[in-house]
Amino acid sequence: MKSYRKELWFNTETRRQLINITPEVTKCIAESGIKEGLCLVNAMHITASVFINDDEHGLHQDYEAWLEKLAPEKPYSQYHHNSYEDNADAHLKRTIMGREVVVAVSNGKLDFGPWEQIFYGEFDGKRKKRALVKIIGE
Amino acid sequence: MKSYRKELWFNTETRRQLINITPEVTKCIAESGIKEGLCLVNAMHITASVFINDDEHGLHQDYEAWLEKLAPEKPYSQYHHNSYEDNADAHLKRTIMGREVVVAVSNGKLDFGPWEQIFYGEFDGKRKKRALVKIIGE
Amino acid sequence: MKSYRKELWFNTETRRQLINITPEVTKCIAESGIKEGLCLVNAMHITASVFINDDEHGLHQDYEAWLEKLAPEKPYSQYHHNSYEDNADAHLKRTIMGREVVVAVSNGKLDFGPWEQIFYGEFDGKRKKRALVKIIGE
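Order-wise, the sequence lines are chains B, W and G. My numbering puts the first residue of the first sequence at 25, with every later residue one more than the last. My numbering puts the first residue of the second sequence at 25, with every later residue one more than the last. My numbering puts the first residue of the third sequence at 25, with every later residue one more than the last.
Keeping only pairs whose Cα atoms sit at most 16 angstroms apart, straight-line, the calculated EDC-like set for lysine to aspartate or glutamate is: (1) Lys26/B <-> Glu162/W; (2) Lys30/W <-> Asp135/B; (3) Lys93/W <-> Glu92/G; (4) Lys26/G <-> Glu162/W; (5) Lys93/G <-> Glu92/B; (6) Lys26/W <-> Glu162/B; (7) Lys26/W <-> Glu60/B; (8) Lys93/B <-> Glu92/W; (9) Lys152/G <-> Glu37/G; (10) Lys26/G <-> Glu60/W; (11) Lys26/B <-> Glu162/G; (12) Lys26/W <-> Glu162/G.
Calculated directly from the structure, the hints in this document are not laboratory data.
Here chain B stands alone, though its shape is the one from the complex:
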């Protein structure tokens, strides 16, 4: 069994941002030399997400509005977590979007359907944060 590990680093200019990391994960799979296996990609922070969906600008606007409806950023005082912080909403938004994805590696490639793309979802950015890629297989 082979294993592979890499960290992907981000520093977004805005509090919230969705970044398509499919090219980076594709590179990791090539570097790993693994042909058949499983690839885990997870946020290493609890106010960020890794998820799979469509790379379509309108949908990303819908995500922003929808997450703000389900877990609004403001007023900060509505959350107990915000006595020393202001990012309780980011914890909740990441809960909706998910911490991680596990994807199949088949024939040395991401085993994806037609529109699947992997995103890093930042909900409390403007600082250095990272995601982990871990691949195991043969």
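With chain B held as given, fit chains W and G onto it using these hints.
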């Protein structure tokens, strides 16, 4: 290490439908010959879900009403994604329900608690779509 | 390839409770002898969750209030599932929080970012229930 791959195909008659795929996944595990490992089951489309819950009709009605409350289908015009499409709600519903499950394989069987069942959740159906089963182990 | 399996048991005193199980999972990884691999931790019940977030009391109060807003426990009669049961809300709450996490094992340790902690989230407690830890790797 062994690996196994199979696609499961669906073509639902309604826009939304929950299909119990536990028997198909059970067959995949038997076919794989894998006794100890991990089994990934994921939707290959971004408007569908694979999730684990109870096969109980009342609960499935509750899911339908609840998802319509959290991410209503109509009016279509409420979503930016719907300029050429009408399925933005399906992207959001699938986000709530999740893209994938990872289940343990132990002694050649799905390692499940008493009521766990695997479902394919279709949120934009009436066309051919599929899920992926990928198993690795020994 | 090595594999390891362990059940963690719980019996909460209240209907809902969040329990930090990071020490138990850390012990499992040590017991497994696996240095590089993937570790699945999942609820074996469909009204409970395993998720990763911060061990911060204010945030846990926020989760309680937020989940009650998104999927209220009462009135019980609002859910079809509650003809013989009263736990439909627990199925929905667990759907939001997720059934499982997959975490990387690197150098024989949980490969975690600075604040990641694993929780068992009970939403229909006061009885014996369990989570599964399954690790594969080398």
